[in-house]
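Asker: Using the hints, position chain B against chain A.
Here's the letter readout for the chains.
2 protein chains.
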Amino acid sequence: MNIILASTSTLFGGAYLEYLKEELINLYHGIDEIIFIPFARPGGISHDDYTEKARSFFETINIKVKGLHEFDNKTEAINEAEGYFTGGGNTFLLVKNLHEENLMKILKQNIESGKPYLGCSAGSNIGGQTMKTTNDMPIVYPPSFDCMGLVPFNINPHYLDPNPELRHNGETRETRIKEFLTQNDMKVVGLREGNWIRRINDTITVEGNELTRIFEKDKEPYEIESGSQL
Amino acid sequence: MNIILASTSTLFGGAYLEYLKEELINLYHGIDEIIFIPFARPGGISHDDYTEKARSFFETINIKVKGLHEFDNKTEAINEAEGYFTGGGNTFLLVKNLHEENLMKILKQNIESGKPYLGCSAGSNIGGQTMKTTNDMPIVYPPSFDCMGLVPFNINPHYLDPNPELRHNGETRETRIKEFLTQNDMKVVGLREGNWIRRINDTITVEGNELTRIFEKDKEPYEIESGSQL
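Residue numbers (the working numbering), protein chains in the order written: chain A, 1 to 230; chain B, 1 to 230.
Next up, chain A with everything else stripped away, as it sits in the complex (with noise of 0.2 Å):
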């Protein structure tokens, strides 16, 4: 396998993708047209104007972009395709259409067989094995919460640290992720943004310049440094 789970797009003051430029150059390496997955439509944008936005950011890089929602037979353009990006959003709307589709098994197979794949927040929230560990609110209802299980452990996009200083009773990130550690048995990587998972064949590591938050069952969290492997 070939791809990078981001915990985000964009960082704080930055543009679209900027950050993770190098990485994507080398990560599509010999590719020159990618599908992009526009489905999750952060702030309700349109599946148009999301690729668009893709688009004027992999122009930079030589390649080319459709957006997934242009093809009747999204089964094939997935098979045909060189390469994916998801962008985030809203992973409930993400999975759901995924799963209403019968895309997200297809996708899985198609990244397993090699083909580079870069999600970003939501993006990478399928990558893992559940969404159960997305931030995102549960505003549609998805046939289930699987997914594509590219890695053998769930991420949380976006860690958060808590803080301090808030004067509210509202759960932590860490408070939630150990109400998910009661239910399931399933390491977490608490991604923080700047920071993400990059798997070469059969080689997981976090990259980035954060420490990166896990969280296992029955364990204190502990912070790893980046470079280490998963």
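Be aware that one or more of the hints could be misleading.
Identical chains blur together in the list; that is why a pair holds if it fits in one copy or across any two.
Unchecked claim - Here are the simulated DMTMM-like cross-link-like pairs (lysine to aspartate or glutamate), alpha carbons at most 25 Å apart as the crow flies:
{"no.": "1", "residue 1": "K53", "residue 2": "E174"}
{"no.": "2", "residue 1": "K96", "residue 2": "E216"}
{"no.": "3", "residue 1": "K53", "residue 2": "D218"}
{"no.": "4", "residue 1": "K96", "residue 2": "D146"}
Just so you know, these hints were derived from the structure itself, not from any lab.
Answerer: Here is chain B on its own, set in the frame of chain A:
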């Protein structure tokens, strides 16, 4: 109906349910025992320990508490109870438990017949039309997102304004609710901590010290004052 749907059980720096004490004496007037529904299990606490926490508070206003998990026949327990309290925690866990044991409708029917109900946080979410505006992590897969619909709208508990100082690209609460409105034509009440919804017969008002933010499809969000009808 005679219900309170509160944003939170506990104000920052306060004791459990303390800020609602006078309201609860009024809500449960004439009643000396209620059923506590502990299924949301905040932080993975046991049903027994969570019920004990509720019991400690209700002792101070001379109301006995039985945990719903203590009954073999939960339908009968709900039908025979005089009043209810559903505590906060994880809404997905709560809704999964209630649907799988066919208790959502039974509880709804009893509350609609006039028995008093208090919900906090997740317990308030289930008073709305659906749980699609919860903030919680989808740690388990419920058979449906439908809730009791004790009020003709959805609730977002612990409503939190955007923090302009946060250098983080995760979605704000407002962004999430606006995404909900792209997929659902339903009013959402953004209930800040310290506020609650009060329904007495057919009159529904919002109460507490804060303004309340209302979201409707194709409208700019707006604020209403405490005491306003919903």
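Asker: If a hint holds in the structure, say so; if it doesn't, say that too.
Answerer: Results for each hint:
1. K53 / E174: Between copies, since 22 Å is at most 25 Å while 32 Å is not.
2. K96 / E216: between (27 Å within a copy, 23 Å between copies)
3. K53 / D218: between (42 Å within a copy, 24 Å between copies)
4. K96 / D146: both (10 Å within a copy, 17 Å between copies)
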